[in-house]
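Participant: In case you want the letters, here they are:
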Amino acid sequence: MNQPDRVGQELSDLRLFRTVFYYCIIIIALPVITFFGSKLLIFDSIGLSSVSSNVYSAVSSIAVLHIALGLYIYRAYSETKPSKQD
Amino acid sequence: MSADNPIYGPFFGVMGAASAMIFSALGAAYGTAKSGTGIAAMSVMRPELIMKSIIPVVMAGIIAIYGLVVAVLIAGALDPPAKYTLYKGFMHLGAGLAVGFSGLAAGFAIGIVGDAGVRGTAQQPRLFVGMILILIFAEVLGLYGLIVAIYLYTK
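So the sequences go chain by chain: A and B. Quick note on full-length UniProt numbering: the first sequence kicks off at 1 and runs consecutively. Quick note on full-length UniProt numbering: the second sequence kicks off at 1 and runs consecutively.
To be clear, the hints were calculated from the coordinates, so they are not data collected in a lab. Take the hints with a grain of salt, since some may be wrong.
[To be verified] Here are the computed distance ranges between Cβ atoms for each label pair:
#	chain 1	residue 1	chain 2	residue 2	range
1	B	F137	A	G47	38 to 44 angstroms
2	A	E79	B	G130	45 to 51 angstroms
3	B	S2	A	I67	43 to 49 angstroms
4	B	P6	A	Y22	37 to 43 angstroms
5	A	F17	B	G130	24 to 30 angstroms
6	A	G70	B	A18	46 to 52 angstroms
7	A	I46	B	A3	33 to 39 angstroms
8	A	Y56	B	V140	27 to 33 angstroms
9	B	A3	A	I67	43 to 49 angstroms
10	B	A41	A	L41	41 to 47 angstroms
11	B	Y144	A	G8	43 to 49 angstroms
This structure is a prediction, so every number in the text was calculated from the model and none was measured. We treat Cβ as the ideally placed atom computed from N, Cα and C, and that holds for glycine.
Kindly generate the complete structure, drawing on both the sequences and the hints.
Facilitator: Here it is as structure tokens:
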């Protein structure tokens with residue numbers, strides 16, 4: 001293994017780590033932000049009752065969570081396709 | 001304290017919120033650990049597949065988010081016994097147990113499927129689509145528990 005090869009691998013490791021870290025932050029933080037954000041900003045302010053505003057914000061946070069998961073799976077599926085070389 | 005609002009009424013709601021979080025976290029922890037051993041064994045030979053093989057871990061984490069959502073919903077609806085009927089307490093206990101045990105089951109399934117699927121994907125990359133499908137069906141078990149829990153919560 002010569003020097004440029006190792007540098008290239010470290011660069012791609014950094015890029016991979018950044019991608020995975022970015023998606024993990026999104027998947028962990030986005031549902032919580034969506035739950036409380038949509039509850040306080042949207043559903044509570046349009047005059048719904050407490051129970052229904054809670055339920056709508058819970059449903060929207062779960063929907064956002066699955067969209068983020070789907071994006072991650074799509075990214076992972078299309079990411080490692082061309083890396084056939086070993 | 002009437003018969004409908006006993007002093008121990010909120011106990012059931014509190015236990016519902018706690019069991020929603022406890023059992024789904026138990027399932028998610030098992031799923032993460034079991035599929036994590038598979039990833040660790042697989043990545044030694046095929047480190048370029050890391051991003052694909054993290055998917056079971058992410059899905060196990062989502063199980064815990066289901067439990068978190070229901071626990072937050074129930075905890076937000078808790079009240080002192082004078083305003084909290086025993087019926088509501090039972091509903092909240094049922095909601096918490098529904099999402100908790102469904103999450104436990106789904107986490108176990110995700111762990112076992114993730115372990116075997118990740119090891120298999122290293123040998124045969126076309127297994128990836130099958131692994132994702134099986135993981136989605138395991139994940140949906142937890143989602144069913146979440147749907148029933150939210151339905152019970154709105155009663």
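Participant: With reference to the structure, classify each hint as holding or not holding.
Facilitator: Evaluation of the provided hints:
1. B/F137 - A/G47: 38 to 44 angstroms: Since the Cβ atoms of B/F137 and A/G47 sit about 39 angstroms apart, the hinted range of 38 to 44 angstroms holds.
2. A/E79 - B/G130: 45 to 51 angstroms: 19 angstroms, violated
3. B/S2 - A/I67: 43 to 49 angstroms: For A/I67 against B/S2, whose Cβ atoms are near 46 angstroms apart, the range 43 to 49 angstroms holds.
4. B/P6 - A/Y22: 37 to 43 angstroms: 50 angstroms, violated
5. A/F17 - B/G130: 24 to 30 angstroms: 27 angstroms, holds
6. A/G70 - B/A18: 46 to 52 angstroms: Violated, at about 31 angstroms.
7. A/I46 - B/A3: 33 to 39 angstroms: For B/A3 against A/I46, whose Cβ atoms are near 38 angstroms apart, the range 33 to 39 angstroms holds.
8. A/Y56 - B/V140: 27 to 33 angstroms: 22 angstroms, violated
9. B/A3 - A/I67: 43 to 49 angstroms: The hint (43 to 49 angstroms, Cβ to Cβ) holds, given that B/A3 and A/I67 are roughly 47 angstroms apart.
10. B/A41 - A/L41: 41 to 47 angstroms: Hint holds: Cβ distance 45 angstroms, inside 41 to 47 angstroms.
11. B/Y144 - A/G8: 43 to 49 angstroms: 46 angstroms, holds
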